[in-house]
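Based on the provided sequences and hints, a complete structural model is requested.
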Amino acid sequence: MSKIRITKQFNFETGHALYGYDGKCKNVHGHSYKLSVTVIGSPITDRSNVKFGMVIDFSDLKKIVKEEIVDQFDHATVFNETTPHIELANELKNRGHHVILVDYQPTSENMVVDFAQKIVARLPEGISLFSLKLQETESSFAEWYASDNL
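Counting from 1, position 13 in the sequence shown corresponds to residue 21 in my numbering; the numbering is continuous, with no gaps.
Please note: incorrect hints may appear among the correct ones.
[As the list claims (entries may be wrong)] Straight-line C-alpha distance at most 16 Å; calculated EDC-like pairs for lysine to aspartate or glutamate: (1) Lys126 with Glu75; (2) Lys32 with Asp122; (3) Lys74 with Glu117.
[As the list claims (entries may be wrong)] Cβ pair distances, simulated, as ranges: (4) Tyr29 with Gln80: 35 to 41 Å; (5) Gly134 with Glu99: 24 to 30 Å; (6) Ser155 with Tyr29: 48 to 54 Å; (7) Tyr29 with His105: 18 to 24 Å; (8) Gly31 with Ser67: 36 to 42 Å; (9) Gln125 with Glu146: 23 to 29 Å; (10) Gly38 with Ser155: 30 to 36 Å; (11) Tyr29 with Gly61: 43 to 49 Å; (12) Ser56 with Leu96: 20 to 26 Å; (13) Gln17 with Leu96: 27 to 33 Å; (14) Ala154 with Lys32: 28 to 34 Å; (15) Val36 with Ser56: 52 to 58 Å; (16) Glu89 with Asn57: 41 to 47 Å.
If you are wondering where the hints come from, they were derived from the structure by calculation, not from laboratory data.
Every residue gets a Cβ at the ideal spot worked out from N, C-alpha and C, and that includes glycine.
As structure tokens, this is what we get:
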């Protein structure tokens, strides 16, 4: 059976700051992220299966990505938990803001790796994550490919 790639796109707004960076991104700021999630698998061949002909139902993929990434990161501010931004993070949390503390510098490169791990853990058997593309501006993005991470 042929292998087919299925892609679903998502949008979310997230703020972050890159502690120790030598440019403008050291300041707290935000992006309108676009995430493209591509999985690969063979279409279901069992005619009695309600998902006959599908690799994965787009709504099933949407549920995974929304629960693991979009619902978590949308309108949140992300800080590295090991930087002095922790003081700002705690102040924001105390004021009712949604703050996520991560164990990495919250660059697009590191976020896409984090997202890949979260998605892979939730995919059904027979479906593999092929690639992710995390776009933070119209002209800047990070990509993760399974083939690069064997």
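TODO: Could you tell me which of the hints above the structure violates, numbers in ascending order?
DONE: 2, 3, 4, 5, 6 and 12
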